[in-house]
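**Q** These protein sequence lines are chains X and U, in that order.
In terms of this note's numbering, the first sequence opens at residue 12 and continues consecutively.
In terms of this note's numbering, the second sequence opens at residue 12 and continues consecutively.
Source of the hints: derived by calculation from the structure; they are not laboratory data.
Please note that a few of the clues may not be correct.
Heads up, the list lumps identical chains together, so a pair's fine if it works in one copy or across two of them.
Below 27 Å or equal to it, Euclidean Cα-Cα: the simulated DSSO-like pairs (lysine-lysine) are [what the hints assert, rightly or not]:
no., residue 1, residue 2
1, Lys274, Lys240
2, Lys320, Lys216
3, Lys307, Lys34
4, Lys307, Lys320
There are 2 protein chains.
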Amino acid sequence: MARSSQIRRIGDGNVLVVNQIVKEKVGILIGGGMAAEPLFLGYVGKNMADCAVIGNINAAPSPTLILEGTRAINQSKGVIYIFNNYTGDILCFDMAEELAEEEGIQTRSVRVWDDAGSAPIEEITNRRGITGAILVIKVAGGASNLVDNLEELYRITEEARDNTRSLIVVSRSGHYLENGEKMFDLPDGQIEIGVGLHGDPGFMKCEMMPVDEVVDIMMEKLLGELQCKRRDEIAILINSMGATSITELFLVNRRINQIASIKGIRIHNTDIGYFYTSQDMVGFSISALKLNGERKTFFDQPSNSFSYKRD
Amino acid sequence: MARSSQIRRIGDGNVLVVNQIVKEKVGILIGGGMAAEPLFLGYVGKNMADCAVIGNINAAPSPTLILEGTRAINQSKGVIYIFNNYTGDILCFDMAEELAEEEGIQTRSVRVWDDAGSAPIEEITNRRGITGAILVIKVAGGASNLVDNLEELYRITEEARDNTRSLIVVSRSGHYLENGEKMFDLPDGQIEIGVGLHGDPGFMKCEMMPVDEVVDIMMEKLLGELQCKRRDEIAILINSMGATSITELFLVNRRINQIASIKGIRIHNTDIGYFYTSQDMVGFSISALKLNGERKTFFDQPSNSFSYKRD
Numbered sequence: 012m013a014r015s016s017q018i019r020r021i022g023d024g025n026v027l028v029v030n031q032i033v034k035e036k037v038g039i040l041i042g043g044g045m046a047a048e049p050l051f052l053g054y055v056g057k058n059m060a061d062c063a064v065i066g067n068i069n070a071a072p073s074p075t076l077i078l079e080g081t082r083a084i085n086q087s088k089g090v091i092y093i094f095n096n097y098t099g100d101i102l103c104f105d106m107a108e109e110l111a112e113e114e115g116i117q118t119r120s121v122r123v124w125d126d127a128g129s130a131p132i133e134e135i136t137n138r139r140g141i142t143g144a145i146l147v148i149k150v151a152g153g154a155s156n157l158v159d160n161l162e163e164l165y166r167i168t169e170e171a172r173d174n175t176r177s178l179i180v181v182s183r184s185g186h187y188l189e190n191g192e193k194m195f196d197l198p199d200g201q202i203e204i205g206v207g208l209h210g211d212p213g214f215m216k217c218e219m220m221p222v223d224e225v226v227d228i229m230m231e232k233l234l235g236e237l238q239c240k241r242r243d244e245i246a247i248l249i250n251s252m253g254a255t256s257i258t259e260l261f262l263v264n265r266r267i268n269q270i271a272s273i274k275g276i277r278i279h280n281t282d283i284g285y286f287y288t289s290q291d292m293v294g295f296s297i298s299a300l301k302l303n304g305e306r307k308t309f310f311d312q313p314s315n316s317f318s319y320k321r322d
Numbered sequence: 012m013a014r015s016s017q018i019r020r021i022g023d024g025n026v027l028v029v030n031q032i033v034k035e036k037v038g039i040l041i042g043g044g045m046a047a048e049p050l051f052l053g054y055v056g057k058n059m060a061d062c063a064v065i066g067n068i069n070a071a072p073s074p075t076l077i078l079e080g081t082r083a084i085n086q087s088k089g090v091i092y093i094f095n096n097y098t099g100d101i102l103c104f105d106m107a108e109e110l111a112e113e114e115g116i117q118t119r120s121v122r123v124w125d126d127a128g129s130a131p132i133e134e135i136t137n138r139r140g141i142t143g144a145i146l147v148i149k150v151a152g153g154a155s156n157l158v159d160n161l162e163e164l165y166r167i168t169e170e171a172r173d174n175t176r177s178l179i180v181v182s183r184s185g186h187y188l189e190n191g192e193k194m195f196d197l198p199d200g201q202i203e204i205g206v207g208l209h210g211d212p213g214f215m216k217c218e219m220m221p222v223d224e225v226v227d228i229m230m231e232k233l234l235g236e237l238q239c240k241r242r243d244e245i246a247i248l249i250n251s252m253g254a255t256s257i258t259e260l261f262l263v264n265r266r267i268n269q270i271a272s273i274k275g276i277r278i279h280n281t282d283i284g285y286f287y288t289s290q291d292m293v294g295f296s297i298s299a300l301k302l303n304g305e306r307k308t309f310f311d312q313p314s315n316s317f318s319y320k321r322d
């Protein structure tokens, strides 16, 4: 309703599609469960996704819904699925792929596993997907209007995923939409780094400490895993998990800039806001995308979606 | 730091100025205290304000800081000040006006008093300014690149203010940035409609009720005061006070659309997000701007600021 000039809902489920699809392009379809808003529905639009398919609260969208979205945006060039790496989503998107294949629609799936707090790097394909999905969608969406080939776009999207890392830190649990109860227990004055949206375990539980020290720990891991070195360029996304204020996120950004300056790493773009939230959760996430010439071009395409706009 | 390609800080205080000022235009300067972020610093940019001057936490910016910003953006055409109607801000902006006048810089002040919950309409000039300021800035900023005359822009800005109304509803107090304490007391399960950012009294304190009923009460007052009738056009801004989720704001928007549909009022544009927040406050605000042909043209100019972007 808030963006009816740009996107529309098709059918009875939560399938959102852009009103105007540029002809003869590979489609970008994103999706996942509800209750991490504005992920995914906020990222449908120009140079972002062409379609978002949303399930029920914390439940993957059904294969038939995904198929419905796939049909709506396919233009004989095929469709790329981008979703976060959760068991339910993998299952549903895999089944949708098979259904689409049966109808002669080519698809490729990119599972986002950016959460560096959820498993060791050796088990990266077991990691959760979190806020990094937005940066991956931004690259893929930009590329989809410039690259006219499913396999090539699949490679670009996978490489964007492989060069993206994120971490969440939380000092208060979010609440279930259904009953208002806390999702997990975190004693007052404690924080957990590397935690997931629903309190999925992280890698460090400790007493609250100054935000600069928290950011140091997070950036050390993010930049380390991305093997960032002097003169490398990155895009940063700083996200409130729900109840943390923009004012506080600016402090996070200040520290990130100090770290980047010391390490000689260039911050090409900084997004700060509410991109992926859990009801009333206190905390924030940092995502970093390592750029190269190709990814930068795609990332810099002007985009216009409900929750991500850039000139 | 997050937008250094677009805005820069001048001097030692919090004076933010756009990097590129279109020559020979009337300047738009906005400002107020800290801790309602992203108001005001998020609204500096193309077709928005040219400068934001921010004071300390909950304190107006000093007249000398305002003067510094005024000098930076004045181009012999004068400067319009837009700020929310609080005693400290009035005092400081009034003094800045005098200082600017002494230097031969013409200024006009528009105090925003959109909060329909803060005083009866007969005492409108005693009302607080809240989220409606963003809609007023959007109109004034758009107009400032099309209208080349201080008095004319002053009239347009005042009329935008006079056609804007807002209301906040809260179910949990925000917390002071300085000490983490609650700003005011609101028992669990209670809500207050018409309340201010710091718990300033509203017009209705009651048991929690379904959001549709809350929105009905708010819209009745907003549309009533704006004397909206069939075929009138309005712009709507739905704002999280901090910890209320986008998902919940979508429910507010659904009800507003139902009401508008019943009354035959056209919603020209809807903004939903975090535009004006108090630390960790649970609640939301609705602002409505009644449009006419002129205001619609100015409102629809593409804008690009940290917290308000539109193609």
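**Q** Each hint: holds or not?
**A** Now the hints, each set against the structure:
For a Cα distance limit of 27 Å, the shortest separation of Lys274 from Lys240 inside one copy, 7 Å, qualifies, whereas the shortest one across copies, 60 Å, does not. In this homomeric assembly, Lys320 and Lys216 never come within 27 Å of each other (Cα to Cα): the closest approach is 35 Å inside a single copy and 38 Å across copies. Only within a single protomer do Lys307 and Lys34 lie at most 27 Å apart by alpha-carbon distance; the minimum there is 24 Å, versus 32 Å between protomers. For the homomeric pair Lys307 and Lys320, the shortest alpha-carbon distances inside one copy (16 Å) and between copies (22 Å) are both at most 27 Å.
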